[in-house]
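There are 2 protein chains.
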Amino acid sequence: MRRRTMASVTANRVDFIEALKRIKQVVGPKGWTNDLESMLPYMTDWRGMCGTEALMVVRPKNTEEIAKLVALCAEASISIIPQGGNTSLCGGSIPQNSGNEIIVSLARMNKVRNIDPDNYTITVEAGCILKDLQHAASKAKRYFPLSLAAEGSAMIGGNLSTNAGGTNVLRYGNARDLVLGLEVVLSDGRIWNGLRGLRKDNTGYDLKQLFLGSEGTLGIITAAVLKIFPEPTEVCSAFCAVPNVAAAVALLELARSESGDAVETFELMPRLMIDLVIKHIADCKDPLSERYDFYVLLELVSTASLDIRLSERLELILSNAFESGLVIDAAIAQNETQRQAFWKLRENASESQRIEGASIKNDISVPISRIAEFYDIAWIKVAEMEPNIRLVAFGHIGDGNLHYNLQIPEHSEKNAFLARCEEFNGVINDIVLEMGGSISAEHGIGRLKRKELARYKDKVSMDLMKTIKNVMDPGGIFNPGKVL
Amino acid sequence: MRRRTMASVTANRVDFIEALKRIKQVVGPKGWTNDLESMLPYMTDWRGMCGTEALMVVRPKNTEEIAKLVALCAEASISIIPQGGNTSLCGGSIPQNSGNEIIVSLARMNKVRNIDPDNYTITVEAGCILKDLQHAASKAKRYFPLSLAAEGSAMIGGNLSTNAGGTNVLRYGNARDLVLGLEVVLSDGRIWNGLRGLRKDNTGYDLKQLFLGSEGTLGIITAAVLKIFPEPTEVCSAFCAVPNVAAAVALLELARSESGDAVETFELMPRLMIDLVIKHIADCKDPLSERYDFYVLLELVSTASLDIRLSERLELILSNAFESGLVIDAAIAQNETQRQAFWKLRENASESQRIEGASIKNDISVPISRIAEFYDIAWIKVAEMEPNIRLVAFGHIGDGNLHYNLQIPEHSEKNAFLARCEEFNGVINDIVLEMGGSISAEHGIGRLKRKELARYKDKVSMDLMKTIKNVMDPGGIFNPGKVL
Numbered sequence: 001m002r003r004r005t006m007a008s009v010t011a012n013r014v015d016f017i018e019a020l021k022r023i024k025q026v027v028g029p030k031g032w033t034n035d036l037e038s039m040l041p042y043m044t045d046w047r048g049m050c051g052t053e054a055l056m057v058v059r060p061k062n063t064e065e066i067a068k069l070v071a072l073c074a075e076a077s078i079s080i081i082p083q084g085g086n087t088s089l090c091g092g093s094i095p096q097n098s099g100n101e102i103i104v105s106l107a108r109m110n111k112v113r114n115i116d117p118d119n120y121t122i123t124v125e126a127g128c129i130l131k132d133l134q135h136a137a138s139k140a141k142r143y144f145p146l147s148l149a150a151e152g153s154a155m156i157g158g159n160l161s162t163n164a165g166g167t168n169v170l171r172y173g174n175a176r177d178l179v180l181g182l183e184v185v186l187s188d189g190r191i192w193n194g195l196r197g198l199r200k201d202n203t204g205y206d207l208k209q210l211f212l213g214s215e216g217t218l219g220i221i222t223a224a225v226l227k228i229f230p231e232p233t234e235v236c237s238a239f240c241a242v243p244n245v246a247a248a249v250a251l252l253e254l255a256r257s258e259s260g261d262a263v264e265t266f267e268l269m270p271r272l273m274i275d276l277v278i279k280h281i282a283d284c285k286d287p288l289s290e291r292y293d294f295y296v297l298l299e300l301v302s303t304a305s306l307d308i309r310l311s312e313r314l315e316l317i318l319s320n321a322f323e324s325g326l327v328i329d330a331a332i333a334q335n336e337t338q339r340q341a342f343w344k345l346r347e348n349a350s351e352s353q354r355i356e357g358a359s360i361k362n363d364i365s366v367p368i369s370r371i372a373e374f375y376d377i378a379w380i381k382v383a384e385m386e387p388n389i390r391l392v393a394f395g396h397i398g399d400g401n402l403h404y405n406l407q408i409p410e411h412s413e414k415n416a417f418l419a420r421c422e423e424f425n426g427v428i429n430d431i432v433l434e435m436g437g438s439i440s441a442e443h444g445i446g447r448l449k450r451k452e453l454a455r456y457k458d459k460v461s462m463d464l465m466k467t468i469k470n471v472m473d474p475g476g477i478f479n480p481g482k483v484l
Numbered sequence: 001m002r003r004r005t006m007a008s009v010t011a012n013r014v015d016f017i018e019a020l021k022r023i024k025q026v027v028g029p030k031g032w033t034n035d036l037e038s039m040l041p042y043m044t045d046w047r048g049m050c051g052t053e054a055l056m057v058v059r060p061k062n063t064e065e066i067a068k069l070v071a072l073c074a075e076a077s078i079s080i081i082p083q084g085g086n087t088s089l090c091g092g093s094i095p096q097n098s099g100n101e102i103i104v105s106l107a108r109m110n111k112v113r114n115i116d117p118d119n120y121t122i123t124v125e126a127g128c129i130l131k132d133l134q135h136a137a138s139k140a141k142r143y144f145p146l147s148l149a150a151e152g153s154a155m156i157g158g159n160l161s162t163n164a165g166g167t168n169v170l171r172y173g174n175a176r177d178l179v180l181g182l183e184v185v186l187s188d189g190r191i192w193n194g195l196r197g198l199r200k201d202n203t204g205y206d207l208k209q210l211f212l213g214s215e216g217t218l219g220i221i222t223a224a225v226l227k228i229f230p231e232p233t234e235v236c237s238a239f240c241a242v243p244n245v246a247a248a249v250a251l252l253e254l255a256r257s258e259s260g261d262a263v264e265t266f267e268l269m270p271r272l273m274i275d276l277v278i279k280h281i282a283d284c285k286d287p288l289s290e291r292y293d294f295y296v297l298l299e300l301v302s303t304a305s306l307d308i309r310l311s312e313r314l315e316l317i318l319s320n321a322f323e324s325g326l327v328i329d330a331a332i333a334q335n336e337t338q339r340q341a342f343w344k345l346r347e348n349a350s351e352s353q354r355i356e357g358a359s360i361k362n363d364i365s366v367p368i369s370r371i372a373e374f375y376d377i378a379w380i381k382v383a384e385m386e387p388n389i390r391l392v393a394f395g396h397i398g399d400g401n402l403h404y405n406l407q408i409p410e411h412s413e414k415n416a417f418l419a420r421c422e423e424f425n426g427v428i429n430d431i432v433l434e435m436g437g438s439i440s441a442e443h444g445i446g447r448l449k450r451k452e453l454a455r456y457k458d459k460v461s462m463d464l465m466k467t468i469k470n471v472m473d474p475g476g477i478f479n480p481g482k483v484l
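Those protein sequence lines, which keep their order, are chains A and B.
Following full-length UniProt numbering, the numbering of the first sequence begins with 1 at its first residue and continues without gaps.
Following full-length UniProt numbering, the numbering of the second sequence begins with 1 at its first residue and continues without gaps.
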């Protein structure tokens, strides 16, 4: 990728200053700021990492403005950091400190352009906050299933460009799977209009796939046509104690087959995670009276308007699971309040880890059939390296995805612990790779995992990615320093 | 794209002949033929179109052989037509008569490499026949949902490279949606190994998407990891008479919401189609005693091993549909034989059209909310052009996809009718475009619809496709004359 030297900046200085001036004209006085204090929230990410330099923040109000400013940036070799809700966990939406970047916030492009309940589609702009999108679908008696902890501030454009995962992947797939059409501004400022709401379209290459999951490095997603679904009519939730991870996987299989694939949630939680949440988060309590090593939050969902007695089915599944020893204790939510209490435990996992102290995070996936094996092997290796380390491995095991987080040993020094990050992650990632897994299941690469990607991804894949990047963004203006 | 002139062929003659010799060595004596009679089935497609020239047909037995022969072809500028079961409806797998092409048949690479029921994945080679793949999944008590008329000879590599649709898209998606990983030979002979069976993997660009649906123009798919599902435990099938297309769409909505999205099949069939099938195909009869204008084959499927009384649900749905006038008559299959009798009507649609005489085929999609409107508007326009034309529009309206076929008027001359193909398709495609639809919903582009694609696809899309093609296959050796 292109790297600007100061010399080249100087050589193009006039173009450069002229371009910035014209960008300001394009977005109008309310559409930009270069005041450091105002820019700070855009330069600082969710984890507190900070890109200390940016030329300015622009907040265009429509696709045409973006197209114009991208064309100007392309001409003057100014780089662009596209930004939605800035909730990346990998530093994917902040500057890289080249001093040559503008942040393009999609926040003002937050409209729902159209909703077509009969076609089960919704058309939204990239800056639409995920929660607002869910509500818009719900108002039309439809359901948009993408759901994740940051949904109150994450924007759909960011969700799509990072192919976000979350808690509903098991049944509905990742963000990519929810997309029928996209509108994208290309690196030369042209607009690609692929906003079609079709279930089937085999007219040539599926171009939208290029932009989904490429983290803003190939184009700026400005709008999307998304799939929506019939609304859930019944949700049954159980908080189950399981003897071990292998039993959790077997329970998943049992629940899937006996429920007719009605499993929407299947989240693994270890005891330590529950302890941390109860310790640090107000109004959380253990749903079961005894203590166990592992828990699964299991939810069945029906969208049938005819009565299908889902709760009976859940009870049958649990009673079969008890009999075969897969579940050793369980609580079924009797109402929405109880269900929310289960979810509160799961949703505060990261927050309670943060309060407890330093942790080293891993977002891995392996084939579901190997997840129990992975859990144990990785734990043995990590414990050999640091016997007092605390494992807080939780997450979407229905998708083969674990947040395999390592909590600092009690009474240890933070910096010394964090200095070993690469060492621990190296051991974990080697096992992941050996099992045919992924070192970034849902969080993406951003700026944080670039080095790991270069190390763990095969050469042919890296070559192909670079080839695509070079041809789609020959000037290297889109989100430099991310992914590749 | 590159075009070889005879002059350039002559200039490279030695390389060229040497390359062919070495390709023969790579695949061994049983792996090639240049005998015209033996090559004929490979050069002639399902619709009887024939590519009259090919240098030879090679039948490599593994990925390494393909990699080697592609490298040789790249060096000597020999083009490659990848071929599976050769069941394309668009001439996608036959030569284009440049005299500079070899056909690479994947037929000998037909192994199931691995099946992992707990991970719900199956790993197969590209030459595996779709029906065999379904059986392999079934043996492991799993279900591979891709299903289409040609499944007895179509091969999975072709299904994936054309992103095949079929009768189960409504519930399980197109072929693309069933893929977790791919192995592909690139245009320089390198092998890209993306054979991972992960539900979540956000490590960079999703490269497999490039090869899915690009009809062999960007690489040769040699193997795939595919999703498999719990086996259906109950299938309930109804043959419903509906008053019109709008009622069919409303019935879909009713069935989806009342069944809890258990609708797996939703196929529209007009009276004329039923008449043609009964006239031309042995042992077919009308399931209903009265005649109606339109029918829907509706199937609900459950994968629950616990009893969920699906048949009761179907009866309830139909009784609600009767009440609201969406269904005016219906037969429910009481056993598998009766169900097969329903399917026989649907599956013989194309065959009975072929026997009846010439027809002009269209494979279109529009948003489901506009399909009834499309049906009528297009019919009015077509009937204005030729009042005696017979409309046989059937298909997967649950996906917004209609095979909007025009049957020759009775007692008309075939060639004169077929000569108007472009004229009729132009009118239909203009309406499709205006409604935000697709002129090729599931059949792809191949060689037959290239001109239409160039006419109907927007310039930015065409530019992007050409950019991708040029960079992925700079020598233009993969399936020339197809898509672009």
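FYI, nobody ran anything at the bench for these hints, they're computed from the structure.
For every residue, glycine included, the Cβ atom is placed at its ideal position computed from N, Cα and C.
Incorrect hints may have been included.
Just so you have them, the derived chain B footprint on chain A, three or more residues with Cβ under 8 Å [what the hints assert, rightly or not]:
| # | segment |
| --- | --- |
| 1 | 162-169 |
| 2 | 205-216 |
| 3 | 309-321 |
Structure-based check of all given hints:
1. Coverage of a stretch by a chain is defined here by at least three residues with a beta carbon nearer than 8 Å to that chain's beta carbons; for the segment 162-169 of chain A and chain B the count is 4, and the condition holds.
2. Restraint check on the segment 205-216 of chain A versus chain B: 8 residues with Cβ-Cβ distances below 8 Å, three needed, restraint holds.
3. Coverage of a stretch by a chain is defined here by at least three residues with a beta carbon nearer than 8 Å to that chain's beta carbons; for the segment 309-321 of chain A and chain B the count is 3, and the condition holds.
In this structure, every one of the numbered hints holds.
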